[in-house]
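Q: For chain A, the structure is supplied; the task is to place chain B on it using the hints.
2 protein chains.
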Amino acid sequence: MVSIKDVAKDAGVSPQTVSNCINNPSIVKPATRKLVEASIERLNYTPNASARRLRTQRSNTIGIGIAPVSYSQVYDRFLHALVTEADANGIRVILYKTDSQQDEIRQFDALRARGDVDSFVLTDTTHDDPRLAWLHEHHQPFVLFGRPWGADDMNDPATPWVDVDGHYGIAEMTQHLILHGRKHIGFIGWPGVSGTGMDRYAGWRDAMLGARMAGPDELEQLYEEAKNDILSGQTACIALLDRRPDLDAIVCVSDTLAIGAATVLPSDTDIIITGFDDTVSARSMGLSSIAQPLIESARHIVRITQEQFVAPAAGRAGNGTGGATGSGGTSVNRKPDAIVSAPPTDDRHVLLKPTLVIR
Amino acid sequence: MVSIKDVAKDAGVSPQTVSNCINNPSIVKPATRKLVEASIERLNYTPNASARRLRTQRSNTIGIGIAPVSYSQVYDRFLHALVTEADANGIRVILYKTDSQQDEIRQFDALRARGDVDSFVLTDTTHDDPRLAWLHEHHQPFVLFGRPWGADDMNDPATPWVDVDGHYGIAEMTQHLILHGRKHIGFIGWPGVSGTGMDRYAGWRDAMLGARMAGPDELEQLYEEAKNDILSGQTACIALLDRRPDLDAIVCVSDTLAIGAATVLPSDTDIIITGFDDTVSARSMGLSSIAQPLIESARHIVRITQEQFVAPAAGRAGNGTGGATGSGGTSVNRKPDAIVSAPPTDDRHVLLKPTLVIR
Numbered sequence: 001m002v003s004i005k006d007v008a009k010d011a012g013v014s015p016q017t018v019s020n021c022i023n024n025p026s027i028v029k030p031a032t033r034k035l036v037e038a039s040i041e042r043l044n045y046t047p048n049a050s051a052r053r054l055r056t057q058r059s060n061t062i063g064i065g066i067a068p069v070s071y072s073q074v075y076d077r078f079l080h081a082l083v084t085e086a087d088a089n090g091i092r093v094i095l096y097k098t099d100s101q102q103d104e105i106r107q108f109d110a111l112r113a114r115g116d117v118d119s120f121v122l123t124d125t126t127h128d129d130p131r132l133a134w135l136h137e138h139h140q141p142f143v144l145f146g147r148p149w150g151a152d153d154m155n156d157p158a159t160p161w162v163d164v165d166g167h168y169g170i171a172e173m174t175q176h177l178i179l180h181g182r183k184h185i186g187f188i189g190w191p192g193v194s195g196t197g198m199d200r201y202a203g204w205r206d207a208m209l210g211a212r213m214a215g216p217d218e219l220e221q222l223y224e225e226a227k228n229d230i231l232s233g234q235t236a237c238i239a240l241l242d243r244r245p246d247l248d249a250i251v252c253v254s255d256t257l258a259i260g261a262a263t264v265l266p267s268d269t270d271i272i273i274t275g276f277d278d279t280v281s282a283r284s285m286g287l288s289s290i291a292q293p294l295i296e297s298a299r300h301i302v303r304i305t306q307e308q309f310v311a312p313a314a315g316r317a318g319n320g321t322g323g324a325t326g327s328g329g330t331s332v333n334r335k336p337d338a339i340v341s342a343p344p345t346d347d348r349h350v351l352l353k354p355t356l357v358i359r
Numbered sequence: 001m002v003s004i005k006d007v008a009k010d011a012g013v014s015p016q017t018v019s020n021c022i023n024n025p026s027i028v029k030p031a032t033r034k035l036v037e038a039s040i041e042r043l044n045y046t047p048n049a050s051a052r053r054l055r056t057q058r059s060n061t062i063g064i065g066i067a068p069v070s071y072s073q074v075y076d077r078f079l080h081a082l083v084t085e086a087d088a089n090g091i092r093v094i095l096y097k098t099d100s101q102q103d104e105i106r107q108f109d110a111l112r113a114r115g116d117v118d119s120f121v122l123t124d125t126t127h128d129d130p131r132l133a134w135l136h137e138h139h140q141p142f143v144l145f146g147r148p149w150g151a152d153d154m155n156d157p158a159t160p161w162v163d164v165d166g167h168y169g170i171a172e173m174t175q176h177l178i179l180h181g182r183k184h185i186g187f188i189g190w191p192g193v194s195g196t197g198m199d200r201y202a203g204w205r206d207a208m209l210g211a212r213m214a215g216p217d218e219l220e221q222l223y224e225e226a227k228n229d230i231l232s233g234q235t236a237c238i239a240l241l242d243r244r245p246d247l248d249a250i251v252c253v254s255d256t257l258a259i260g261a262a263t264v265l266p267s268d269t270d271i272i273i274t275g276f277d278d279t280v281s282a283r284s285m286g287l288s289s290i291a292q293p294l295i296e297s298a299r300h301i302v303r304i305t306q307e308q309f310v311a312p313a314a315g316r317a318g319n320g321t322g323g324a325t326g327s328g329g330t331s332v333n334r335k336p337d338a339i340v341s342a343p344p345t346d347d348r349h350v351l352l353k354p355t356l357v358i359r
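Chains A and B are the protein sequences, given in the same order. According to UniProt numbering, the first sequence is numbered sequentially starting from 1. According to UniProt numbering, the second sequence is numbered sequentially starting from 1.
The shape of chain A in the complex, shown without the other chains:
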């Protein structure tokens, strides 16, 4: 590898002068600078990243974890979007394993202690996420892809996040079906109290109630839960149609469940099935779906990260109640019928609208 000494020798100047040309060019005479720049170009010299990082005490690197099983069908597409945006901004991305929230905290600790990472991107956020408590405690910059579900203050400046508005997407899809004459619209959702799942469920519920397509006591009949695999989608669809043979559409919380539902319908059916995430397989089957703006999400995440590089986030505001304490408070008990309202956003709290893909 070409070193700063090689450039200095080639240009006939001192290594310090070369360094000045790179880091502080205004203090170098223009003629000298030209000489050095010519040598840099001739030798194809690139400042060593480790040396630069040591000098600046910044690694220009963000860290992101990958779980043994992806919670999202589009996680690999999100990773691609993130590394693409990082690349365009001269930022490197370190990928680390995260087998659990505690495992990820161990990674934070190790990467941070070695000065390897400036900021972390967290995904798959949960109620009372212990990772947030750790990051706040250690004044470690980070950005969430997903909202801090269960936080008292969604817009705590110390907890920047970017998310896609699942409530909006599912509500728009449901309204689209209603506008096109569908009257009995079921929903297949995920079990449990995942923030993302509840948010999407609420989109369907609010659209149905808002258009008076169902009374509050009818919603339960129109709703089935399913684990996120094709068989569970098939089973849920059969159960729904058993109970309500009059259904003319089923909105699903994911493409996987939509594919399951669609594959148990007779081929001459008129029932419309819709999914979420616009995957290749849903597309191939002609299913309408909802596309997340992953590139735009990544762009905001990288932007916030860069703002952190320049001006690190202030410490937690106020008494620090906004985040997660790992104490398992009452927020985990929120039921899917709780109202999830979209928080207002600012440039550190960005809620993006997904796009309907109608087929």
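Hints are all accurate, no fakes.
From the derived model, a few chain B residues whose C-beta atoms are all more than 12 Å from chain A: (1) Gly12; (2) Gln102; (3) His176.
In silico lysine to aspartate or glutamate, DMTMM-like type, Cα no more than 25 Å apart, as pairs: (4) B/Lys183 - B/Glu220; (5) B/Lys29 - B/Asp10; (6) B/Lys9 - A/Asp109; (7) B/Lys5 - A/Asp109.
I should point out that these hints are in silico values taken from the structure, not numbers from a laboratory. All C-beta atoms in this analysis are idealised placements derived from N, C-alpha and C, irrespective of residue type, glycine included.
A: Chain B in isolation, oriented as in the chain A frame:
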């Protein structure tokens, strides 16, 4: 962050002594070393990674790309396996975007010039892969996950690789079906001349011919091609059964195609459908499949990488004809009916056996 000076002050020694304790402990008196080690522990000091990398001229980092669309349904699981093995060996993983082979070469160049990465892991290798030519030319260590399809010498020491034996997996699955009384076994494969696809196709063909379940001229009737999505799997299955209503099993090159095929069979069918990659959805539908040993693959890749850290690969052996020249030689014209034989392996060329998962 705690610095070496803080440790020195705490231990009452010079920074050089602390540095010696870390990098060259044998030259420090045991009593002094104990003092310093106690301070290191008390202050929770970790040597700065950038400083260490600058000193050793090694980043202890491997780079791997991610494409806009994953060629493999298990790419995220492979990434998780790779970062897990890297983590266990103190190696970091940088993830970068790769939108094309030329784009990946640009990444090689940038990461290499900045000294950010010691070795690259390449996936989705193709015939006459221009990435290999570049890496060889620049004496840049790398490991393939996948074989150098089309290379004259699969065991060129300058081209280490780890791969999973798709031919073996599909042949074993076909033989398993034959042993259980299936007589008319179709195959749904990928179009084109991808090395991986051809290798799996050949596994089915060789098992069928070997067990005299079909003559060479009958194979074409038993074979359909399909793009890797569910609809294409459905279409291919219908076409196969149209032509050969006597089929009692269909081996598929992927789980996605198997799911497509399975969803167009009547629910009381006796036809067995099998897939490849043992995905959650195939599992949920009760389909037999073939599991790649991803963790073992990652382990070998990391091992070879570490051997490269210690002793960099020798230059290309002989006249360097083994790799890819990007000139589009005759090898790209190999047809799926060419015999693909498993090469012998050594510790830098590792062909792992996948596992049948029978349901």
